[in-house]
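Going line by line, the protein sequences match chains S and F.
Each step along the first sequence adds one to the number in the numbering used here, with nothing skipped, and position 2 is 2.
Throughout, the numbering used here is defined as the position within the second sequence, counted from one, plus 1000.
Bear in mind the hints are in silico, worked out from the structure with no lab data behind them.
Not one of these hints is a red herring.
Result set (EDC-like, lysine to aspartate or glutamate): computed pairs, CA atoms no more than 20 Å apart in a straight line:
1. F:Lys1048 / S:Asp240
2. F:Lys1002 / S:Glu311
3. S:Lys148 / S:Asp160
4. S:Lys310 / F:Asp1015
5. F:Lys1048 / S:Glu204
6. F:Lys1048 / S:Glu248
7. F:Lys1002 / S:Asp308
8. S:Lys310 / F:Glu1016
Interface residues of chain S toward chain F, partial, derived using beta-carbon atoms under 8 Å:
9. Pro250
10. Arg252
11. Cys253
12. Tyr298
13. Ser302
14. Pro341
15. Phe397
16. Glu398
Being a predicted model, the structure only gives us computed values, none of them experimental.
The beta carbon of each residue, even a glycine, is placed where N, CA and C say it ideally should be.
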Amino acid sequence: MPLRLLKYGLSRTYPISEDIPATPDLLPSYDVVIVGGGGHGLACAHHLSKYHGIRSVAVIEKGYLAGGNTARNTTTIRSNYITLEGIAFYKEAVELFETLSQELDFNVMFSQRGQLTLAHSEATLRSFHLRAEMGKHMGTRTEVVDQKTVQDLCPQLNLDHGGPLEIVGGLWHADGGTARHDAVAWGYAAQASRRGVEIHQRTEVTGFEVVGDRIQVVNTNRGRIACGQVLIATGGMNYDVALMAGVELPIRCYPLQAMVTQPLKPWLDTLVSSVSLHTYLVQSSRGEVVIGGGSDPYQLYSTRSTLDMKEHLAEGAVHLFPFLQGVRLLRQWAGITDMTPDYSPIMGASPVRNLWLDCGWGTWGFKATPVAGKRLAQTIAEGRVPDILKPFALERFETFRLLNEMGATAASH
Amino acid sequence: MKILTCPMNGDRNIDEFQSFGPVRAGLDPDRTADAEWARHLFRAENRKGVVIEWWRHVPSNYYFLAERDLVSNEIIRTFDSSDPQGRT
Ligand SMILES: Cc1cc2nc3c(=O)[nH]c(=O)nc-3n(C[C@H](O)[C@H](O)[C@H](O)COP(=O)(O)OP(=O)(O)OC[C@H]3O[C@@H](n4cnc5c(N)ncnc54)[C@H](O)[C@@H]3O)c2cc1C
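Could you put together the complete structure from these sequences and hints?
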């Protein structure tokens, strides 16, 4: 071995950097226990330790870091929702992604290439007008475009002139984009652990000891932990974990599937999604075409994939881009998603005083990783829910103030 | 391809059916408070276990019940809603 290389290996100027330390022993207590080491839990840990001076934080993850839905999502980032409350929240989500690589000192490969949602009917186009006007009012870049502009934005598209699925226009969202999902989680984990946050992998929360209206102890398969505050951010398991504290969430679990093709040279710039075909596509920076669609048609706690869904997604993709017909599929997978009745998340307080919720992320929560982390850290640190999160409270289901985002969510997450 | 046995049409591909989710007890509209309505509407059964659900065979518009495991996806049995053996 060249000695010059060894010199660098032993140098103090260039110490070996350890991004995420090995799982330490559990301490008897922490100020904040975050259940779930996906993007959301890690983002909250980062914000607590960096901006609120709270460093006695344990992130408890039953598997490996960010191996849940953070690892399985198709990375659509956008703010073209329907409700004012939703748009305000997701607008901040997109803005935080714009500076996230700087914030984390880690390349999250955010690529703001714009998202094009296709209309195959006048009725769909009318609903796009509503979304575009709401978006403009809230200061996002969302507009309805005609057939010609659709073709200019994505020349490879099959417009199906005169056919049953003719593309009559689209919703163009210049703010939309994608980022590397793993990098987002690793970046937050590295920052948080540098500031003293402990990340406990392969540690499963098995129950809570609730005394009066507070959780006093979090039970895990590695021992008991006393806690100040607790955050639940367990993705598909949110219903089950909240129930351990006696909180019944309005959540039903459905699998959501996706798949990728073999890598191709770069040809698809924008994110493309079709409401009628329930199919959306994005080309990753590796060249693979990521293809996703709607949820499975019935409730299930399983990450199995199905041939039915693969056929359905292939049909949609090949209709939009007929030249994909000879391309091979590389992988297919699924995640368990925690679906709420109104397709909006549940964030903020719970009936248990020191238990906070970051739940109901269903098929749409990756884009919200930075904003949910930031705003829930603020909530925990100040003991009070900030205005931007208030509409997403669990109580909205008792007061019938739902935030219906189904029309902006079901076909492209 | 997953097969569902329809009590009327026999073994069919599951994509011929539509799921309507777990059965819930009906409420008396004259005696139900808002909180109970909210619970009835929004908190469906989601436990990791066996549930009884409404399904419809779409081509024949026939509604029936199925007992299914939400974890293994095993369909344990299907039966007509008037079947006295059904409601347990
Ligand atoms: C196929 C698919 C495509 C998607 N596409 C998009 C998209 O394009 N855009 C978008 O915005 N969103 C998308 N989503 C949704 C998005 O992936 C999720 O909403 C988001 O990743 C949730 O992040 P999280 O950190 O809350 O949960 P997760 O990443 O699921 O992390 C939760 C963690 O909690 C852990 N956990 C669970 N139970 C316990 C326990 N008892 N004790 C300790 N730890 C526990 C799990 O192991 C897991 O690692 C998609 C989802 C899927 C499945």
